[in-house]
Amino acid sequence: MKNLNFWNRKLHIHLGLFLLLFIWLFSISGLLLNHGSWEFASFWEQRKQKESVTEMTLPAGLDSAGLLHMVMGKLEISGEVTNVKYSADAFDFRVGSPGFGRDLHIDLAKGTVSQKEYELNVWGKIRTLHTFNGVDKNDIDKQANWVITQVWRFAMDGIAVALIFLCVSSWIMWYKIRKDYNWSAAVLIAGFLTSFYFVYLIRMF
Amino acid sequence: MKRYCALLRSLHLYFGLFITPFVLIFSISVLVFNHPGFIDFLSPIKPSTETRTKLDKIPYDTTDLLTAKAIIEKLEIEGEIDFINQNDDRISFPVKKPGLKTQITVNKHTDSVLITQQNEGAYRALTFLHSMPGAHNVKIRGNSSYIQVWRVLADVVVYLLLFLTISGVFLWYFLKVERNFGFFSIALGLIIFTSLLLIIF
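Quick note, the sequences are listed as chains H and G, same order.
The opening residue of the first sequence carries number 1 in the working numbering; numbering runs sequentially from there.
The opening residue of the second sequence carries number 206 in the working numbering; numbering runs sequentially from there.
Treat the hints as calculated values from the structure; they're not laboratory data.
All figures in this text were calculated on a predicted structure; none of them were measured in a lab.
Treat the hints with care, as some may be off.
[As the list claims (entries may be wrong)] Think about it this way: if two alpha-carbon atoms lie no more than 20 Å apart in a straight line, the pair counts; the simulated PhoX-like pairs of lysine-lysine are: (1) H:K10 x G:K279; (2) H:K74 x H:K50; (3) G:K259 x G:K313; (4) H:K137 x G:K381; (5) H:K85 x H:K125; (6) G:K262 x G:K279.
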């Protein structure tokens, strides 16, 4: 038991220190998401936009995936590919990364690639990091197709698990010293009851 | 500075204990957001139920939100109106509570109402709470009292979490036995954090 308390406390301290910047990032981006009216962070109005058309020789016989990779390679762009639409004479898709978005339209008959790009300011980039996981709500079986999306999602999973550990470890530490803090049990119960109300009870009444 | 340690330790403990259940909501919901397929396997969404009814005296000559609010009041349904679709023939909107989605569609010519209710379960309740109030439909967000309360709670949790990080650093710094290794933990976090941002941008 002494060993458990010793390592639990040590891990709580050092994992907390390790996560410091991640907690700040997700806290600030969470506040930005919940306060869209904060003017200093109004990133969408301040986005930079650019449009361009590039002529390109498109080899016949390429399937949609091959064409997509070829165009992205030639334009030297990378990111999470979404909104893919394919027709007989055109191919549309979007390439996104936190703070950047690019809609591409490939005209197969003319051999041109039109791009509409936008870049958000630093607040926009911070905010997008909060939600950037490559998950398509309408197609939950679809996997992230950009390796960096997968890395970031893995990092988010890791941070979430580490935060769960920090919570559990704090209860273990508190339990040992609970008698020294008169109102601590009441405070913990108040937190639990409030969250239990929001997660379970609210939909029953 | 050491004399502030006892006070800071108490605040760290009390604030920390209070927000741990909320931090669990935010953390578990991250896993649900990132792995929706697994959550569907773990907790499949139950089939929705449909109810039909008829209302009278629905005020269409006002804002979309007030019309929707009048409808849910007559139907005795409570919750946050997520967004509203309205045209000449019908008005349709989802009313949400954590883990419970009620879709309401009203035929404006006949005042007949179709209510579709879906119990989405506790996991999706967590993701709903995580995403509220959020960045979408800002103009109508907070049209229910529980979201107004949750908005304040979510902010309080974030500010307390920020306080906990600062007080935690302070408390660690005065623990001589952990000081050296603590610098290593901060440096490791800094390196991984910076590396991740560098590969993303």
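Right, here's what the structure says about each hint:
| no. | hint | in the structure |
| --- | --- | --- |
| 1 | H:K10 x G:K279 | violated (57 Å) |
| 2 | H:K74 x H:K50 | holds (18 Å) |
| 3 | G:K259 x G:K313 | holds (11 Å) |
| 4 | H:K137 x G:K381 | violated (49 Å) |
| 5 | H:K85 x H:K125 | violated (26 Å) |
| 6 | G:K262 x G:K279 | holds (10 Å) |
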